[in-house]
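Novice: As they're listed, the protein sequences go chains W and D. The opening position of the first sequence corresponds to residue 7 in the working numbering, with each subsequent residue numbered one higher. The opening position of the second sequence corresponds to residue 7 in the working numbering, with each subsequent residue numbered one higher.
No lab work stands behind these hints, which were simulated from the structure alone. Be aware that a few hints might be false.
In silico contact screen, one side only, chain D against chain W (beta carbon under 10 Å); selected entries [what the hints assert, rightly or not]:
id: 1; residue: D205
id: 2; residue: L275
id: 3; residue: L289
id: 4; residue: A294
id: 5; residue: G308
id: 6; residue: I309
id: 7; residue: S312
id: 8; residue: L326
id: 9; residue: D357
Each residue gets a CB set at the ideal place from its N, CA and C atoms; glycine is no exception.
Protein chains: 2
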Amino acid sequence: MLADAGAVSSASAEPRRFLEGLFAAAVAAADPAHCVRRYLMAAPRGRLIVVGAGKASAAMARAVERNWPGELSGLVVTRYGHGVPCDRIEIVEAAHPVPDDAGLAAAARIMDLAQGLGPDDLLLCLISGGGSALLTLPPAGVSLEDKQAVNRALLHSGAVIGEMNCVRKHLSAIKGGRLAAAAFPAQVVTLLISDVPGDDPAVIASGPTVGDPSSLADARGILARYAITPPASVRAHLEAAESESPKPDDRRLANSVTHIVAAPKASLLAAAEAAKAAGVGALILGDAIEGEAREVGTVHAGIARSCLQHGLPAAAPVVLLSGGETTVTVRGKGRGGRNAEFALGLALALDANERIYALAADTDGIDGSEDNAGVLVMPDTLVRAREKGVDPAAVLAGNDAYSLFAALDDLVVTGPTLTNVNDFRAVLIL
Amino acid sequence: MLADAGAVSSASAEPRRFLEGLFAAAVAAADPAHCVRRYLMAAPRGRLIVVGAGKASAAMARAVERNWPGELSGLVVTRYGHGVPCDRIEIVEAAHPVPDDAGLAAAARIMDLAQGLGPDDLLLCLISGGGSALLTLPPAGVSLEDKQAVNRALLHSGAVIGEMNCVRKHLSAIKGGRLAAAAFPAQVVTLLISDVPGDDPAVIASGPTVGDPSSLADARGILARYAITPPASVRAHLEAAESESPKPDDRRLANSVTHIVAAPKASLLAAAEAAKAAGVGALILGDAIEGEAREVGTVHAGIARSCLQHGLPAAAPVVLLSGGETTVTVRGKGRGGRNAEFALGLALALDANERIYALAADTDGIDGSEDNAGVLVMPDTLVRAREKGVDPAAVLAGNDAYSLFAALDDLVVTGPTLTNVNDFRAVLIL
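Chain W with its partners taken away, still in its complex shape (with noise of 0.2 Å):
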């Protein structure tokens, strides 16, 4: 379990539980029990209904009945395993990264309720990361299959991220901005929870309260660019001009607002303050930094030594902080999320420095598909992972970074947190 934020020990005295108070007060700055309160609007003169999606967007419910003095009512759609019990808010589990019936029976029920309001009521959207797959949704004439087998092409196209979410916002009866059309004339208000870089609202989940500044025309561009041709259905629905998107300045939007309750940087900046009560300084390196997660982990172990050597760019003790979504690239058959794979390249960069530890972790607590959120590295990493017979070259050569830190008993091991605002990474210099 997570220590208490609160509690941050003595760094040096204890390196790995004041790692863990840092994670603890990252997450604590993300949990939607304390960060969703403090945005909640007036009361409307109607109804207030209450809808969303994301990994995040059941504990954000309750975190709004708890706090709501008066009426409301709504549906949410979480992941399996990520639902809590609410009151008044129906909460439905349903697939995540590939959508099925469950979820698309939601979002369906979610646009109902939108596309009933009146302009005295008012709309609040729940939104956290997982959401684009939860609220799924193909627009009329155009199959799940279709649009499925589209967005494979997409992702096998070498097409870039901002591309793929430009066509999948002109596949969709929901992303993109139409969510808040069809509750147009009713205020719209939108609570995110960031786990993208940039923290865009357009992007977060696909924005389906957000105009979009992607046109039609530019989703048919970016499938001839990678020479997809698409499903008679979808290329047809693609030619239409009624399938365009709502525009930023579309006025069916002009009564939406949008604010980010909880995102990575925050969650960095409280880690620093826990860093700081401690008398440990803190250099955070950046909210959003991606790269093959094994050479991140070589980099920043290159900026640890820097500071032990030379002071630069900060002096020891000292905490370097990052976020953001490192990649794998996956060789071998072990077991190991991301943030594993970090640590192991981090821990072989280092070989053994005895003055240097580190945490990686997944803020959602699950680190790619483990039962753990994250892991520790200790000076002493390389040398008892030698001594129970273990080669870590070879076990990061073979994506296996979990059975290591398993086998030293140096995994944190949260259980999901119920928000997710990304990695979190924390290098201690003693």
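Since the structure of chain W is provided, determine the placement of chain D on it from the hints.
Specialist: The following block gives chain D in isolation, referenced to the frame of chain W:
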């Protein structure tokens, strides 16, 4: 040609010239013409003999000649193309990284010079990167072929650099402190230009004048660990007690001192000073950043974006500086050194951010095996490449970054700088 280091232009008006000015400042800080003089010692009662090896050794020798008032003579060996005219010190050019007869003969003559000294004499050693290959001298009874066979086996074994150096120091008649021990009882002063992480004098050029903390038993253990069966001559040599290298407490090394006259950190600090003089903040990420070049570029991009978006780890206008040596895993057949790969990885990750510029170059003036020191990244790098029909991602996949930057006229060309403090990277955020 390099811009004048003293004339750093306004960063926002001329970002290209600004970045070239920072690189010029970094190279100038490591220029033997500037950095050798202040470390010259008092004249000995006896003779001054100058020896040396490395890509910068001829330039260091010239700096000694120009600043030494008295008598001197000697011999230094440098790489083909790195010689400069000297009056009293003989300059030999030899092959690097694979040794040739010219290098072998020069190393033998350097040992002869050291062995002929008395207690009133002084041996001045000028050592820089590349010196290990240029100072090749197999021990008696071991042929160059046998020594190289072991080297090749180590390179393919997965042994880390420290392990390879341990074996090399025990298969040499000159490395691992043996040159200084040979000069005993003369005084020995070694001036070093560092291109290695940590700036350890025992590591730079395999430490010919520095006591070796590793042992014969270590060398045998490393060969066993990687299942390398050495030639009989090598096995016999490694089992003879007299093959042990001088240790750090060897009395023959008591008269030996070392000074690092140039190093990556000092060059980064010089660039930081130049940036500040132009009103731009500077953050040094580290002097020994390693990792796969394109991924290191991705990480630098993430840090730069955070500076722009959040003012973390530093607020714009700021330049991120880093040194060290990245690696390139060659999969394609294109042209390009590690700095070009870093830069293209950075450019792709930035995706045409209009406020971020970069320069990446090798301080020795040669990026890989091309004719350029490095390259520049402009906000429109990707756009201009695509206008020329070049697909930047495909170029990177084919390891052909040099061709892209050459087509854009964004190469940094200096010719050999006659020094080497490893790579230099500057990412400017306006």
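Novice: Give a verdict on every hint.
Specialist: Cross-check of the supplied hints:
For D/D205, the interface hint holds, the least distance from its beta-carbon to any beta-carbon of chain W being 8 Å, beneath 10 Å. Using the Cβ-Cβ criterion of 10 Å, the hint placing D/L275 at the interface with chain W is satisfied: the shortest such distance is roughly 8 Å. For the restraint placing D/L289 at the interface with chain W, the shortest Cβ-Cβ distance is roughly 5 Å, inside the 10 Å limit, so the hint holds. Of the supplied interface hints, the one on D/A294 holds, with its beta-carbon coming within about 6 Å of a beta-carbon of chain W, less than 10 Å.
With 10 Å as the threshold, the beta carbon of D/G308 comes within range of chain W, its nearest partner Cβ sitting at about 4 Å, so the hint holds. Nearest Cβ of chain W to the Cβ of D/I309: about 5 Å, under the 10 Å cut. The hint holds. Here the hint on D/S312 is kept, as its CB sits about 3 Å from the closest CB of chain W, short of 10 Å. Because the smallest distance between the Cβ of D/L326 and any Cβ of chain W comes to about 9 Å, under 10 Å, the interface hint for this residue holds.
Checking D/D357 against chain W: minimum C-beta separation of about 8 Å stays under 10 Å; hint holds.
The structure agrees with every numbered hint stated previously.
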